[in-house]
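Novice: For the sequence shown, full-length UniProt numbering assigns the number 98 to the last residue and increments by one with no breaks.
These aren't lab readings, by the way, just hints derived from the structure by calculation. The C-beta atom is built at its ideal place from N, Cα and C for all residues, glycine as well. The hints are all genuine.
The calculated label-pair distances, taken between Cβ atoms and stated as ranges, are: (1) A68 / T30: 23 to 33 Å; (2) A69 / S6: 14 to 24 Å; (3) P91 / V49: 55 to 65 Å; (4) T30 / V84: 17 to 27 Å; (5) M13 / E73: 24 to 34 Å; (6) M85 / P29: 24 to 34 Å; (7) A88 / T12: 35 to 45 Å.
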Amino acid sequence: MCLQLSSSYNLTMGNLLRVEETMRYREHPTDKNKTQCSQQAAISAGSLVSRWGSLLEEFTLRRFQQNAATGREGFSKVLERFVVMAEARSPANEQSTK
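Using the sequences and the hints given, assemble the complete structure.
Specialist: Encoded structure:
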């Protein structure tokens with residue numbers, strides 16, 4: 001079951017390089033309290049850079065992978081903070097502090 005699907009592509013310099021990204025968020029198959037996230041990207045160089053197309057695609061792919069890893073790390077930290085905040089506000093914690 002797919003909870004959310006989002007797709008995007010670059011508008012800037014699309015004639016030189018096209019990047020189509022898809023993100024899928026699903027319920028974890030074995031733990032209903034967790035969410036799985038998958039990220040996919042299709043990268044293709046435009047005809048204006050046909051001579052350098054494969055080099056540009058390889059460079060862009062490496063850069064995209066680095067940025068995706070940084071984004072996942074940041075997203076995980078934000079989620080961890082939300083969990084800590086939610087646990088601190090839970091009724092069980094409020095009663096134990098009184």
